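In this text, residue positions in the sequence shown follow this note's numbering: the first is 12, and each later residue adds one.
Simulated from the structure, these hints should not be mistaken for lab results. None of the values given here were measured: they were computed from a predicted structure. Beta carbons: idealized from backbone N, C-alpha and C, even for Gly. Careful: at least some of the hints might be erroneous.
Calculated cross-link-like contacts (lysine to any residue; reagent style SDA-like; alpha-carbon spacing at most 25 Å) [as the list claims (entries may be wrong)]: (1) K59 - E81; (2) K121 - I98; (3) K121 - S111; (4) K22 - P85; (5) K59 - E49; (6) K17 - R28; (7) K142 - I72; (8) K121 - L92; (9) K17 - E81; (10) K142 - I47; (11) K17 - L40; (12) K22 - S35; (13) K121 - P136; (14) K17 - R66; (15) K17 - P136; (16) K17 - P85; (17) K59 - P18; (18) K142 - F107; (19) K121 - N90; (20) K121 - F148; (21) K59 - R27; (22) K22 - L64; (23) K121 - Y68; (24) K59 - E113; (25) K17 - S35; (26) K121 - E49; (27) K59 - L84; (28) K59 - S78; (29) K17 - N82; (30) K142 - Q109; (31) K22 - T32; (32) K59 - E77; (33) K142 - E124; (34) K17 - F148.
Taking CB as the label site, the calculated pair distances span [stated by the list, open to error]: (35) G61 - N87: 13 to 23 Å; (36) F107 - E186: 10 to 20 Å; (37) T32 - I86: 35 to 45 Å; (38) M104 - D42: 24 to 34 Å; (39) Y37 - P85: 11 to 21 Å.
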Amino acid sequence: MAKQEKPLLIKRYASRRLYNTETSDYVTLEDIAGFIREGREVQIVDLKSGDDLTRQYLLQIIAEHESRGENVLPINVLNDLVRSYMIPGGGMMPQFLQSSFEMLRENQAKMVENMTAMNPMTKMPGFEAIKAQQEAFLKAMTGGLAGNWSNMPQEQGGEPENGENLTEIKRQLAELQKKLSKLE
Numbered sequence: 012m013a014k015q016e017k018p019l020l021i022k023r024y025a026s027r028r029l030y031n032t033e034t035s036d037y038v039t040l041e042d043i044a045g046f047i048r049e050g051r052e053v054q055i056v057d058l059k060s061g062d063d064l065t066r067q068y069l070l071q072i073i074a075e076h077e078s079r080g081e082n083v084l085p086i087n088v089l090n091d092l093v094r095s096y097m098i099p100g101g102g103m104m105p106q107f108l109q110s111s112f113e114m115l116r117e118n119q120a121k122m123v124e125n126m127t128a129m130n131p132m133t134k135m136p137g138f139e140a141i142k143a144q145q146e147a148f149l150k151a152m153t154g155g156l157a158g159n160w161s162n163m164p165q166e167q168g169g170e171p172e173n174g175e176n177l178t179e180i181k182r183q184l185a186e187l188q189k190k191l192s193k194l195e
């Protein structure tokens, strides 16, 4: 996670509307998914009873994305999840999933760090464009689990503040492709 801050508190009203307590406005499930993609933890509670509904809503977000064809979870993983609910006490699945995702986040952070470390390739023309593409690819493939590249300062591998570098990246990529074609 980018920062160890308190979770964003979302309150569910009796009308089932979700209320962002930080911005004092109503939010949708897609808004909540966006907060999570940005690296923010959320907590969703029922206003009247105080019950924590976070798990229920996170599962609903996953189900909606899966139903729209944004299949992230392979069928065999879904089958294993269902099986784990049949084992008294849930078996080892929750701990396994948690440690697997922690390992994934750590490895992604190390990979970005290694890309920017004292590496002779960093002096190669077009390296920044390649690095940006790698980070975008990893972020797209993991749905932003490493997630916090967008919160990272640009000199540490984060995305540009306002996205103006897309044209520059394309230009650098074109230059790199020209140089590579000359080498062949």
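Against the structure, the hints:
1. A C-alpha spacing of about 34 Å is found between K59 and E81, which places the hinted pair above 25 Å, so the restraint is violated.
2. Annotation: proposed proximity of K121 to I98 is violated, straight-line Cα distance about 35 Å (limit 25 Å).
3. Under the criterion of a C-alpha separation no larger than 25 Å, the hint pairing K121 with S111 is consistent with the structure, at around 15 Å.
4. Restraint check for K22 and P85: not satisfied, since their Cα atoms lie roughly 32 Å apart, outside the 25 Å limit.
5. Simply put, K59 and E49 have alpha-carbon atoms about 29 Å apart, too far for the 25 Å limit, and the pair is violated.
6. Our distance criterion of 25 Å between C-alpha atoms is met by K17 and R28, whose separation comes to about 22 Å.
7. For the proposed pair K142 and I72, the alpha carbon gap of about 31 Å is over 25 Å, so the pair is violated.
8. The straight-line distance between the Cα atoms of K121 and L92 is roughly 29 Å, outside the 25 Å bound, and the hint therefore fails.
9. Taking the CA atoms of K17 and E81, the gap is about 29 Å. The hint is violated against a cut of 25 Å.
10. Between K142 and I47, the direct Cα distance comes to roughly 24 Å. Compliance with the 25 Å bound is thereby established for this hinted pair.
11. Between K17 and L40, the direct Cα distance comes to roughly 20 Å. Compliance with the 25 Å bound is thereby established for this hinted pair.
12. Under the criterion of a C-alpha separation no larger than 25 Å, the hint pairing K22 with S35 is consistent with the structure, at around 10 Å.
13. For the suggested pair K121 and P136, the alpha carbons sit about 23 Å apart, so the restraint of at most 25 Å is met.
14. With a C-alpha separation of about 17 Å, the suggested pairing of K17 with R66 holds against the 25 Å cut-off.
15. Of the pairs offered as hints, the one joining K17 and P136 is violated, with about 42 Å between alpha carbons and a cut-off of 25 Å exceeded.
16. For the hint pairing K17 with P85, the CA-to-CA distance comes to about 32 Å; that exceeds 25 Å, so the pair is violated.
17. Taking the CA atoms of K59 and P18, the gap is about 20 Å. The hint holds against a cut of 25 Å.
18. Of the supplied pair hints, the one linking K142 and F107 is violated, its CA atoms being roughly 31 Å apart against a limit of 25 Å.
19. The suggested pairing of K121 with N90 is violated, with an alpha-carbon distance near 31 Å, which exceeds 25 Å.
20. A C-alpha spacing of about 16 Å is found between K121 and F148, which places the hinted pair at or below 25 Å, so the restraint holds.
21. The suggested pairing of K59 with R27 holds, with an alpha-carbon distance near 11 Å, which does not exceed 25 Å.
22. Our distance criterion of 25 Å between C-alpha atoms is met by K22 and L64, whose separation comes to about 9 Å.
23. At most 25 Å may separate the alpha-carbon atoms for a hinted pair to count; K121 and Y68 exceed this at roughly 31 Å.
24. The suggested pairing of K59 with E113 is violated, with an alpha-carbon distance near 34 Å, which exceeds 25 Å.
25. Among the hinted pairs, K17 with S35 is consistent with the structure: their alpha-carbon atoms are about 17 Å apart, no more than 25 Å.
26. Pair hint K121 plus E49 holds up; C-alpha atoms about 19 Å apart against a cutoff of 25 Å.
27. The straight-line distance between the Cα atoms of K59 and L84 is roughly 34 Å, outside the 25 Å bound, and the hint therefore fails.
28. A threshold of 25 Å between alpha carbons decides the hint, and for K59 with S78 the separation of about 31 Å lies outside it, so the pair is violated.
29. The hinted pair formed by K17 and N82 fails the criterion: a straight-line CA distance of about 30 Å is larger than 25 Å.
30. About 28 Å separates the Cα atoms of K142 and Q109, which puts this hinted pair outside 25 Å; it is violated.
31. Straight-line distance between C-alpha atoms of K22 and T32 comes to about 7 Å, which keeps the hinted pair within the 25 Å bound.
32. Of the pairs offered as hints, the one joining K59 and E77 is violated, with about 31 Å between alpha carbons and a cut-off of 25 Å exceeded.
33. The suggested pairing of K142 with E124 holds, with an alpha-carbon distance near 11 Å, which does not exceed 25 Å.
34. The suggested pairing of K17 with F148 is violated, with an alpha-carbon distance near 29 Å, which exceeds 25 Å.
35. Taken as a hint, the range 13 to 23 Å is violated for the pair G61 and N87, whose Cβ atoms sit roughly 38 Å apart.
36. Range check, F107 to E186: about 45 Å between beta-carbon atoms, so the 10 to 20 Å window is missed.
37. Evaluation of the 35 to 45 Å hint for T32 and I86 yields a pass: the beta carbon distance comes to about 38 Å.
38. Range check, M104 to D42: about 29 Å between beta-carbon atoms, so the 24 to 34 Å window is met.
39. At roughly 35 Å, the beta carbons of Y37 and P85 sit outside the given window of 11 to 21 Å.
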